[in-house]
Amino acid sequence: MAWLIAASAAWLSCQSLAGSLAGRTPVDRDLPLLGAAIVLIAWSARRTAAAAPIVLGVPLLLVVEMAVADERSRLFLLGMVVAGALAAAIAALDDRHGIATAPARLLAMLAVLLLRTAGWHPQFRDLIQAGIILIGVAALIQLFSSPVRRVPTACLALGVVIGIVTPSFPFAACLYPLVLALLGLVMRTIVREASGEVLDRPLLFAAASGAIILSVAGGRWLLWIVAATLVAAIISRSRSRAVALVPALAAAGLIPSRLYASIASLRVWTVAPFFAIGGGTSAPIVLVSATLAVLAIVSRPTLAPLVALAVAVFGALLPRPSRLEGAAPVFAILIVALLAWSGVPARFFPLPLGVAALALIAATALSGRFAVVVAAVGVALVSIEPLFPNALDSVDAVGVALAPGASFRFEGQAPAAVIVSGANIAHLRSGTLLGQMAVVDRRGQETKRDITVGDASDWGFLRQRLYFYSHNPLPRDPRGRLIGYGYDAFVTGGGRVAIGPTARGATARITAAASLPRTARLQIDALERAP
Amino acid sequence: MTLQPPLIGVIFCALFTLLPIVLVTREGFQRYATIDGAGYALALGTWFLCHLLGLELEPFPSLVALGVVKLSLLFIFYAAAPAHQVCFTPGRIGLAAGLVYVCLIPAMLQVPMDGDEPYYVLVAHSLLHDHDLDLRNQYHAAAGVLVNRPDLGPQLGDPVGPHGEQYSRHEPFLPLLIIPGYAVAGVPGAMLTVALFGALLIRSSARLFEEEGVTDATARLVLPFLAFGPPVLWYAMRVWPEVPAAFFMVEAVRGVRQQRRNRWAPALLALGLMKVRFVLVAAPLALAAIARQADRRRQALLAAAIIAAPLAILWIISGNPLNVHSVEELAPSPATAYAVGSLGLVLDGATGVVFQAPFFLLGLIALARWRSTPAAFRLGMMCSALYLLYLIPRAEWHGGWSPPLRYVVFLMPLLALGAASLIDRARTIGDRAAGWAATAVVLAGLWTAGLVVHGVAYPWRLFHIASGENEIGERLSAVWHSDFSRLFPSFIRLNEAAVIGSVIFIGAMVAIALGGHRILVRVAPPQLVGAAVSLLLAFGFKAGISPAQVLEFEDAHVIHRGGALFPEEYRVARFLYRGGWRLRSGDSLSALFQSGPARLRYSASVETLLEVSGQAYVLSPSADATIDLVVDSGSPRVVVRCISGDVIVDQMVHE
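Heads up: the protein sequence lines correspond to chains A and B, in order. Per the numbering used here, the first sequence runs over residues 391 to 921. Per the numbering used here, the second sequence runs over residues 13 to 667.
It is worth saying that the hints were derived from the structure and are not from the lab. Please read these numbers as outputs of a predicted model, since none were measured by experiment. Cβ coordinates follow ideal geometry from the N, Cα and C atoms, glycine included. Misleading hints may appear alongside valid ones.
Said to hold, decoys possible - Taking CB as the label site, the calculated pair distances span:
| hint | chain 1 | residue 1 | chain 2 | residue 2 | range |
| --- | --- | --- | --- | --- | --- |
| 1 | A | Gly521 | B | Lys554 | 35 to 45 Å |
| 2 | B | Arg534 | A | Leu517 | 41 to 51 Å |
| 3 | B | Gln561 | A | Ile873 | 38 to 48 Å |
Stated by the list, open to error - To list a few chain B residues with every Cβ distance to chain A over 12 Å, as calculated:
| hint | residue |
| --- | --- |
| 4 | Leu69 |
| 5 | Gln178 |
| 6 | Ala197 |
| 7 | Ala320 |
| 8 | Ala380 |
| 9 | Arg444 |
| 10 | Gly447 |
| 11 | Leu458 |
| 12 | Ala490 |
| 13 | Ala525 |
| 14 | Gln539 |
| 15 | Arg649 |
| 16 | Val651 |
| 17 | Ser656 |
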């Protein structure tokens, strides 16, 4: 009863405040939803001392809403408050063996629901899709549950990540978490057999069949993941462990060269030592992970995270030393903090910086005696933060779209760099020529620089509708602008292209490649003047 | 002094590497390392997200915020971890406090010293180099160099010697104490000396907690609030006598309780020497010490000497044993002055405990449970009664030009002890009472963290012009252009919120004294606290954006187009004046104000023509006059324009 009163009061107070604020963003209008969510998060931790203090997140939301005028800062802080409530609940519920399955499931589903629906107005289609995704996430959390009905916090975070990374388009992609849960069930059955238990054939058959059927409905990419997993799993049961090690290590060595498969490589590196030290039960996981890691390499960049996450799910099924779990709350906090209020980061997973942070945390948790040293490195990283330039500073807008073969000459001194993007080029692969930038100095000496997919991407390739189908990678030096709110938000695909220091009096020209498709355009969004 | 990124990095690195070494055991280290990693991960994640969202972070305030988050994480771990995972000894917690104070000194040095601070440094300089207390040469030549204050001159009412010597009104004991530090490292060395007293204060307070039977778990929770929260933090990094006085106060209370003359006698002497006002605390404490000793006659002589010594020294220096004060100041004042001062110290938005050091509200609540509080708390508070009776009716009860709560800093360790006893008691009663205590502590913790970030990142904002507004009210008023300051109680410029707040506070204290809190804890679960605060905030916001019924023209919500603040910002004892806004021909201002008949209070030196919401009024010259008007502009925003003349508009009240 008290919780109902608290939730109603939270809803009412947020509604009252949101109602008084005209012309604010959709996220602000969803303030009552966020308030009620915080009370629900507190309720999930009701058997801990943290429950009542977590409710204080609601007044914090109101304070942010009242006191912070800048839109982006406000939305960011609102996200941080909800993330903080979630992290506090996770920390309170975690008894070093993990979180009880029921609250873990609730928290994961709540996090996914908030991140996918708050801040925009989902249609009926989106709600149905979210429902299916939530079922998948719940199934994944159930899969991660240990025999003592505890879910490691890292697995909870993984469930949340899978829930938000699942693409909105095509519709059938919402089957992805459910397929992963079924494949996980297959792998867990096989791993248990390897550790001496009797193989539960009916369960294995049912799970494998379910995964295959759903993947047929889901599309070719999902079928690839299922096929690779099942084939590798079958091979792992018949071949010796030594054979399995070879592709695993090969993949582990290869993967770091590809940014998007970094999580896969981390997971493989984590798994490989278990195999080496004689953890016989891990052999099937190692082989399946290696196979999927190879798949991640050959698949298009936007699919790679989905494959990598499958590897993470299977890796999570392995029994690990308890000290690894020390990193779990950290991981959870990082995930929720990174997701602070825009669906955009979901499409960037795994992020290069996120991976670096993960590695740092893992090292901190594992190092024990050397933790201070690692922490000092962290400090150093933090200390140099202010030295990083901001993404959007000191640029002059240009706004020119060049048809294939057309060119644009900059007036006056050549810029230090340009920010370019493409239009209708989402289907082009990395390395495809988009155009050329040429700088001519006073003596007539010309310096040329090719602009390819990878330097810049399609302006809207990160939009929900385009992202899944796109072959564009994230630009090497992204300079996009954030547009929209909540899960509907996206960052434009602009990339910074520099030609090096230009001499005084030099002029510059950009020419769009004649080989571009007829409808494609090379867009010059902005330029950076030399200081 | 400007802080450069490498220096900030080094300080940050050093502090957060040393603190866990001091406070966490080998067993707890790995667990803490995980939490520490979480802090960095959070920072990296936050930074990246800001980068992605195009949010420009101010480097120094961001780093301060990160530092406060990390310090909070450390002390949450410190309070919640099993005893074998943390090192809880008075020495270590004192050392940790000292480390933090030392690392924060550069942040305080970013702006020139203010208030009484530079005078203490000048006296120390004079003692060190000239071997006298005459500051004439320092004012003429050295103030700009020494304390970066070329504008510094004698304070109003400073004693003048027979040959024109210019003495400071401030007692020379603190300058004497800081001389070694000042001689070695200049102003930072002087600050370092006070920081050392800060560390000693925390160590001594930890000992006091131990002796008074506070459990370790509660002490680990409460002491960080004392050490790293306002107001002790503000004074532990600055050259004010408050923190050394607090240290001597705790030592004196401990000495009296333990009947150890060697402890209380020097502590009381030092307390009296620090500031003559502290004699009002030292004298009752000395009486209490005598009452507890067997050899009363001898002790009485000693106590008399201790009380007389500071007065004699002041008499020698300034010719008056009370320095710039007089015995008349001890005479009773009107009852309203006592009410304003005492409730102001608790509830005032700019200078009260509730808003500036919220954790210590628990210590005030402990007053209502007097009989269940530790004996040292009762002793200390009783012996401070005379001091408080002297302080609260004064116009400067709020501290004047200084960081908040200046005059009661020395009481904070005792209030912390009261708070600790309250928390200890709640923990023994049951889960629900413990939940209430936890919620109260978290609420106070969140507020305190905000205050610390604000005060360290913007140290100059700790000095407020005592205009009746506070930083939060000003901020909200500026964002919404509506009068939010009226929602915060002000006893400097008495408002309705102050009256309502006082009634609630007195009612709550009476209810607690009668045992009403037991009913509350039994009936209401702690999760309703957050919900109630939310409703209060939502209601407050609604009230805040509605047109005002009382318009103070100098407030932050008023949009000023020309004119000037009156009296000017840095007028000495500005709080003694009625504030206002000076309008000359062509100047105007606008604000949200309720339509209808209103009364304008003003002061004009010449006949002035004033237009209020489109209607002109002639204001006759007067030092303090009112005029009745009708405000009806068709919109809630009223525009006041000076057509001709020169007027100071003070206040407009809806009739």
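Results of checking the hints against the structure:
1. Evaluation of the 35 to 45 Å hint for Gly521/A and Lys554/B yields a pass: the beta carbon distance comes to about 36 Å.
2. For Arg534/B paired with Leu517/A, a C-beta distance near 43 Å keeps the hint of 41 to 51 Å intact.
3. Between Gln561/B and Ile873/A the beta carbon distance is about 44 Å. The supplied range of 38 to 48 Å therefore holds.
4. Distance check for Leu69/B against chain A: the nearest CB is about 8 Å away, which does not clear 12 Å, and the non-interface claim fails.
5. Its beta-carbon lying about 45 Å from the closest one in chain A, Gln178/B satisfies the requirement of being farther than 12 Å from that chain.
6. The beta carbon of Ala197/B is kept farther than 12 Å from every beta carbon of chain A, the shortest such distance being approximately 24 Å.
7. Every beta carbon of chain A lies more than 12 Å from that of Ala320/B, the smallest distance being close to 52 Å; the non-interface claim holds.
8. Under the 12 Å C-beta cut-off, the non-interface status given to Ala380/B relative to chain A holds; the minimum distance is some 22 Å.
9. At roughly 9 Å from the closest C-beta of chain A, the C-beta of Arg444/B falls inside 12 Å, breaking its exclusion from the interface.
10. Distance to chain A contradicts Gly447/B as a non-interface residue, since its nearest Cβ pair spans about 5 Å, not more than 12 Å.
11. For Leu458/B, the requirement that its beta carbon stay farther than 12 Å from each beta carbon of chain A is not met, with the minimum near 7 Å.
12. For Ala490/B, the non-interface assignment is contradicted: its Cβ lies about 9 Å from the closest Cβ of chain A, within the 12 Å cut-off.
13. Ala525/B, annotated as away from the interface, keeps every beta carbon of chain A farther than 12 Å; the closest lies near 25 Å.
14. Listed as a non-interface residue, Gln539/B fails to keep its Cβ farther than 12 Å from every Cβ of chain A; the least gap is roughly 5 Å.
15. With a closest Cβ-Cβ approach of about 16 Å to chain A, Arg649/B is found to remain outside the 12 Å limit, as its non-interface label requires.
16. With a least beta-carbon separation of about 23 Å from chain A, Val651/B lies farther than 12 Å from that chain, consistent with its non-interface assignment.
17. Against chain A, the non-interface label of Ser656/B holds: every CB pair exceeds 12 Å, the least being about 37 Å.
In summary, the structure is inconsistent with hints 4, 9, 10, 11, 12 and 14 from the numbered list given earlier, while agreeing with the others.
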